[in-house]
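Chain order of the listed sequences is A and B. The first sequence runs contiguously to residue 91 in this note's numbering. The second sequence runs contiguously to residue 141 in this note's numbering.
Just to be clear, a hint being listed does not mean it is correct.
Unchecked claim - Heads up, incomplete: computed chain A residues facing chain B, CB under 8 angstroms, no partners named:
#: 1; residue: 8
#: 2; residue: 9
#: 3; residue: 10
#: 4; residue: 54
#: 5; residue: 58
#: 6; residue: 60
#: 7; residue: 63
#: 8; residue: 65
#: 9; residue: 85
#: 10; residue: 86
#: 11; residue: 87
#: 12; residue: 89
#: 13; residue: 90
Unchecked claim - To spell it out: a stretch of chain B is covered by chain A in this simulated footprint if at least three of its residues, at any positions, have a beta carbon under 8 angstroms from a beta carbon of chain A; those stretches are:
#: 14; segment: 58-72
#: 15; segment: 76-90
#: 16; segment: 97-109
Since the hints were derived computationally from the structure, they do not count as laboratory data. Yeah, the Cβ is synthetic: ideal placement off N, Cα and C, and Gly gets one too.
Chain by chain, the residues run as shown.
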Amino acid sequence: MSVAVRIPTVFRKYTQGESQVRVDPGTIGELIGQLEHRYPGFRGQVLTDDGSLHRFINVYVNDEDIRYIQKLDTEASEGDTVSLLPSVAGG
Amino acid sequence: MSDEFRISSDLAEEMVQHCKEGRPNEACGMLGAKAGETVKVFRMANAARSPVRYSLEPSEQLSVYNALDEQGWDLGGVFHSHTHTEAYPSPTDVRLASEDVPYVIVSLATEPAEIRAFRIIKSEWGAEDGEILEIPVTILG
Chain A
1 MSVAVRIPTV FRKYTQGESQ VRVDPGTIGE LIGQLEHRYP GFRGQVLTDD GSLHRFINVY
61 VNDEDIRYIQ KLDTEASEGD TVSLLPSVAG G
Chain B
1 MSDEFRISSD LAEEMVQHCK EGRPNEACGM LGAKAGETVK VFRMANAARS PVRYSLEPSE
61 QLSVYNALDE QGWDLGGVFH SHTHTEAYPS PTDVRLASED VPYVIVSLAT EPAEIRAFRI
121 IKSEWGAEDG EILEIPVTIL G
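Can you build the whole structure from these sequences, using the hints too?
What follows is the structure in structure tokens.
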């Protein structure tokens, strides 16, 4: 078992087209570190220069928005699904 | 990357109907696709509740992604309406474009409604500028 991470379409150029990848359990910050190690450049897509979550990205652990729990310190455990969702908007 | 947006006339009509029901505000939603053809219209709420802006509620977006995974479908596009202007990306559409899928715009300025589809190509996903690339729309019998 591991944690499944859903990759939005716009980041799949980093994951060789994979829409879902598996990582080891940990905090969301640690998971992003694992993804950066595997897919260099990934972290800069999700986090700002000061290390906080990009304002146009929403991260869910299962059906919980991490902004309303422990943000990047939120734990993802075995069997959880982490979804990275770009804000979709326009005019 | 598909260079064509394919949808049945029934699903196109469902998308247009959702847009009409949203007036006077813009309406929006997502599309499920299989093998490059649209198979599902997800009618979604416009969290911006505005005649000139739209945004998807992230929790509803998550529900759509769950449904796509359960069905084995791809995200086939994002659609929204322009209530009084042509079916062409506005500067706001370009600035906020964030998914690498067709952006389908339904213009209600004419009757029947006009459906056009575009890709918005950006150097970085958060970039404010982007290139608008129109892709052909095929409405199937």
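Here is what the structure says about each hint:
The interface hint given for residue 8 of chain A is met, as the beta carbon of that residue sits about 7 angstroms from the closest beta carbon of chain B, less than 8 angstroms. For residue 9 of chain A, the interface hint holds, since its Cβ comes within 8 angstroms of a Cβ in chain B; the closest pair sits about 4 angstroms apart. For residue 10 of chain A, the interface hint holds, the least distance from its beta-carbon to any beta-carbon of chain B being 4 angstroms, beneath 8 angstroms. Because the smallest distance between the Cβ of residue 54 of chain A and any Cβ of chain B comes to about 7 angstroms, under 8 angstroms, the interface hint for this residue holds.
Hint on residue 58 of chain A holds. Least Cβ distance to chain B is approximately 4 angstroms, under the 8 angstroms limit. Evaluation of the residue 60 of chain A hint against chain B yields a held restraint, the C-beta minimum of about 6 angstroms falling below 8 angstroms. Taking 8 angstroms as the C-beta cut-off, the interface hint given for residue 63 of chain A holds, the closest approach to chain B being about 7 angstroms. Given hint, residue 65 of chain A at the interface with chain B, holds; its Cβ is 7 angstroms from that chain's nearest Cβ, closer than 8 angstroms.
Hint status for residue 85 of chain A relative to chain B: holds, with the closest Cβ pair at about 6 angstroms, below 8 angstroms. Hint status for residue 86 of chain A: holds, given a least beta-carbon distance of 4 angstroms to chain B, under 8 angstroms. The interface hint given for residue 87 of chain A holds, since its Cβ lies 6 angstroms from the closest Cβ of chain B, which is under the 8 angstroms cut-off. The interface hint given for residue 89 of chain A is met, as the beta carbon of that residue sits about 4 angstroms from the closest beta carbon of chain B, less than 8 angstroms.
Look at residue 90 of chain A: its Cβ gets to within about 4 angstroms of chain B, closer than 8 angstroms, so that hint holds up. Closer than 8 angstroms: that is the beta-carbon criterion, and the segment 58-72 of chain B has 6 residues meeting it against chain A, so the requirement of 3 holds. Counting residues of the segment 76-90 of chain B whose C-beta lies closer than 8 angstroms to any C-beta of chain A gives 4; at least three are required, and the coverage claim holds. For the segment 97-109 of chain B, the assignment as covered by chain A holds, since 6 residues bring a beta-carbon within under 8 angstroms of that chain's beta-carbons and 3 suffice.
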